[in-house]
Amino acid sequence: MKLHEYQAKRIFARYGVPIPAGEVANTAAQAREIAQRLGKPAVIKSQVLVGGRGKAGGIKVAKTPDEAETLADQILGMEIKGLKVKRVLVDEAADIQDEIYLGMIVDRERRRVAMMASSEGGVDIEEVAATHPDAIKTIYIDPFLGIKPYQAIAVASALGIPPDQTRAFTKIATGLYRAFIESDADLAEINPLAVTGGGQLLAVDGKMVLDDNALFRHPDLEEMRDLAEEAPAETEARINGLSYVKLDGEIGCMVNGAGLAMATMDIVKHFGGSPANFLDIGGGAKSDKVAAALRIILSDPNVKAVLFNIFGGITRCDEVARGILVALEEVKPAVPMVARLVGTNEAEGRAILAEAQMITATTLADAAQKAVAAAKAR
Amino acid sequence: MKLHEYQAKRIFARYGVPIPAGEVANTAAQAREIAQRLGKPAVIKSQVLVGGRGKAGGIKVAKTPDEAETLADQILGMEIKGLKVKRVLVDEAADIQDEIYLGMIVDRERRRVAMMASSEGGVDIEEVAATHPDAIKTIYIDPFLGIKPYQAIAVASALGIPPDQTRAFTKIATGLYRAFIESDADLAEINPLAVTGGGQLLAVDGKMVLDDNALFRHPDLEEMRDLAEEAPAETEARINGLSYVKLDGEIGCMVNGAGLAMATMDIVKHFGGSPANFLDIGGGAKSDKVAAALRIILSDPNVKAVLFNIFGGITRCDEVARGILVALEEVKPAVPMVARLVGTNEAEGRAILAEAQMITATTLADAAQKAVAAAKAR
Amino acid sequence: MSILVNKDTRLIVQGLTGREGKFHAEQMIAYGTHIVAGVTPGKGGESVLDVPIFNTVAEAVSATAANVSIIYVPARFAPDAILEAADAGVALVVCITEGVPVIDMITVRAYIDTTSTRLVGPNCPGVITPGEAKVGIMPGHIHMPGPVGIVSRSGTLTYEAVAALSEIGIGQSTVVGIGGDPVIGTKFIDVLEMFERDVETKHVVMIGEIGGNDEERAAEFIRQHMKTPVTGFIAGQTAPPGKRMGHAGAIISGGQGTAAEKIKALEAVGVPVAHHPGEIAEMVARRL
Amino acid sequence: MSILVNKDTRLIVQGLTGREGKFHAEQMIAYGTHIVAGVTPGKGGESVLDVPIFNTVAEAVSATAANVSIIYVPARFAPDAILEAADAGVALVVCITEGVPVIDMITVRAYIDTTSTRLVGPNCPGVITPGEAKVGIMPGHIHMPGPVGIVSRSGTLTYEAVAALSEIGIGQSTVVGIGGDPVIGTKFIDVLEMFERDVETKHVVMIGEIGGNDEERAAEFIRQHMKTPVTGFIAGQTAPPGKRMGHAGAIISGGQGTAAEKIKALEAVGVPVAHHPGEIAEMVARRL
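Chains as they are written, first to last, in my numbering: chain W, 1 to 378; chain U, 1 to 378; chain A, 1 to 288; chain H, 1 to 288.
Next comes chain W alone, as it looks inside the complex (with noise of 0.2 Å):
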């Protein structure tokens, strides 16, 4: 799950990360209360879950509370990369002289919290490590002690922090830490973290990805989801406890395991379709799940054809079959479909779905080229 700009900076500061003064606004006049309130220049940041915001005219600095608004209502509304702007975080501007990149992810090949850290913040870390990077200072934090001091400050030396720097520079590192195992993140970035003219630390922009596995026991973060930015078959999905990723093709498919999916929407390409989305009914899958996979599936207007590949090991074919059937009374799809049941109880399912017009076939390469004719031929 990923958190707005705002609410990962306000995580940080829980954990002694200073940040901008600032304050969300919904409206331009909002805005304007809160660039008189800070009675310094603001920066007007649109808060959408997509990066590149700056770039797309997302981000302004107004120099009066009269500006802030203007700007406020230029940025409200604009869409960015498809999201819409429903909020903006009004900062008060930083007097930012260096920026710093500092940003930790879970590294799977060490196994451990990877911390880096450049001192060409501002960019993309990405982008950093393809064109400098030496730039980039990467420590492994052993799950067991955490960040230790002499950790963070050969970051600092790395980096060239100045040495009265370097205590704030190891609590934020600290902190940052700690935000990241105690929020149980993906990802946590700062950056820039920007050195200011008064020689201060200020994380000026902040990211943070959740690890979905656990949230049940964070249930404060999980109420920071912004249903708004989540198309409405995501959230369904979500809720229904499927895994569901829209692609722009037309052939909906609907599979059990995630890694046959993905060799479903595969083999789909690979006969010449495109795949709709992917989507892992999960093992043991019962009617009602079945049938909100099947809503969620004819919901994309795209959709021209469906195909279900179910190989029956947990999940029982007859079971995804009178889900199949539940799905149709509701829905009535105007697309072709194509069934592919294989494995527990196949022969059940096969039985159940002969009352359904449905294009049958045993191989998924079969299966697979007859969804693909069957949506060219509409």
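Think of the hints as simulated: they come from the structure by calculation, not from any bench.
Just so you know, even glycine gets a beta-carbon here, dropped at the ideal spot from N, CA and C.
No incorrect hints appear here.
Straight line, CA to CA, 20 Å or less: simulated EDC-like cross-link-like pairs of lysine to aspartate or glutamate:
hint	chain 1	residue 1	chain 2	residue 2
1	H	Lys243	U	Asp248
2	A	Lys187	A	Asp198
3	H	Lys243	U	Asp300
4	U	Lys269	H	Glu279
5	U	Lys2	U	Glu126
A short list of chain A residues far from chain U (calculated; beta carbon distances all over 10 Å):
hint	residue
6	Asn6
7	Lys7
8	Tyr31
9	Pro74
10	Arg118
11	Glu132
12	Gly140
13	Met144
14	Glu167
15	Ile168
16	Ile170
17	Gly171
18	Pro240
19	Gly242
20	Gly255
21	Glu267
Fit chains U, A and H to the given chain W structure using the hints.
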């Protein structure tokens, strides 16, 4: 640093360990009020930093507030193992059906915190260890993982704690471990952990000893120190950064280094004397520290002779000698003194001491024999 | 021969008294797996499916000499269950549970690495040695004994490959689902090494997917250490970057972990990669 | 020969810019120890006593190929300093600092055990190989090279023994102060093992004290593994139970760790125990 029962229990409670309702009283009238508020039979428990309070008559049950006042009056002012009772804890009396022992210490050999539990609670664990070693279940806690639920469950299972109390027991074991670690304890003990008639678990008595070396990070715990329970000489030693333990002999010893200080006591005994104290002035001691040390030694009326044993390494003999002179000015001791100064700046040290009326020696054996003889001569 | 599990496997089921645990235990027993104990705190002394239940894994091990454990407890309890099994000295722990937080797995794995216990999973279908022991949730009946070792990050995709192989009469030595999470107990390389040492495994099928670089590292391992031929498959050629494809570990992030890179790495070391699952069995048949 | 430190020792001083660190560094240099670097965060680039200062141990090691580090930082910073040195790959870390909390040392020791670094201390006087290198705070001039290895939990008590030996012309191979804390990096057994393997150490003096049971374990080790004769001394025969005698580890608790037990254990394996420090040198002289 030892904590009182009421202090230990309050710390445990902060970590989710259930303790009886209760408050501390300094007077019998206060005890009455507390018992009144509790509205139930109360236990009046002397708060002194020694064991065996029950046997000494320092713990009594009062059925009524009247009785609470009478008993508190008896207990307050009582002397237990030489310590005067200045306050009592008035706790709601628990309906104890069973008594469990639950304690934690650092196991030096395994370098782990060891959790020991026994269904034979209410008596000293050393006694259980001697008579029913099988009744004790010990687990060792990984410093990185901390105590895990399965460990607490294993202990509960070994103790025969019924399933419906296992969860409560796990919470208590986990709480006690956290209290131990987060307070930097040397010992944390709940004895007994009572099983009440209602099937609840309740920490009826608690004991905690803290690691003196870690008090720097626990100013709140340092404040719990009961100066009234400490001999004035011990308080002065602590404030001056000296290691001092009073013994009951007649030869005062001032030594640099703990091992050498023990060896000095031993050799005094070996040559027929009896050491009045252990006193280590530490490495690099300056004259003010030496003066404080001499004051502390001479404050003991049993002291008939003083033995200075200084092996100069970091500690310079001339500094010690100067300290001795300063102290002599102040306290004007009436007892004979034997000085053995060797090592760094030993010549200068001896020259300085030449002014004072002191017996000198070069070997430790010689010094000890002279001190014993001097003490006997008085 | 085989790897990891066989007819000498003496299995503990952690979570046997739960719905999932009981359902799959029944299937495993029906397959012929020796389930010697179940563990559920507070239910020690009971029995389920004629299997005795213990309060702790340590008690179960000391009473039954169990050597393998399988975990079916909810995600929030799974880390503790793994640690408990490792502390009780179980040689192999298979964790089926899906949805264990990554941070927990970092800790668990760091601890497990200091013990002699091997962990498979979490979020995996388990391990089966056809005809000997099934320690997992895979449909047993599609398997048959034979010379092909399979290692995979996926569940049902593996069943596809197995079923197709069995259909044309090619059996499997052992099939290992290592799981789809970013931090797991056993990786491709570990299993490839075991297959390489196993004299009865004449061919290996390795089924990877997008995310991470374990397939690339496996390719390097194959180049340096393996004589046994390997056939590959990688799922997710059409997966978009930055999106988690069901498995927590199946994500292309920062342009890293694409199927194309993995296929390239495997082909570069002489591992042919199937275009779709249906091809896997055909390719193995041709090369065996 | 010798153990732990010698003329190839290239020493880092952590805390060289502090009062204590500088004082002892001066003494060590005067003794002939090669101090190649100091470490103080934020003072990298400066120099003290002509020794270059670095911000981190890793930088110091990579610039100077240092192999030993000595720590003189305050107790609250000592655990971090030890971990830093270990992470930088220093082979031997000697921690002089007194007053490190036990809970910290449990963690540090558990981590150190996963590395190839050896820790001596904390709360110890250090290690000296007379005539080659002094890595500690002991008065160098009382030592002389020779055949006696000394290992001790105490500081000044060891100086007594050393001075008495040197006075009668018996030199020392290496003298190791392992420290008086309950949890330390190197114990009697570790050092006894090193002395046993060192061909130039013909006799070992072991100086113990009350608390714990390391002397008893050492006695067992001597019985099983040592040919080199050992002479012992145990301080604290007159120490009362339950009181900490200066060293955090010197305490008789629950009736355990008395001097009497330790003396008995040593004598039972043929290690004569001196009655007072003055006797140690005489006994060694008789037995050498």
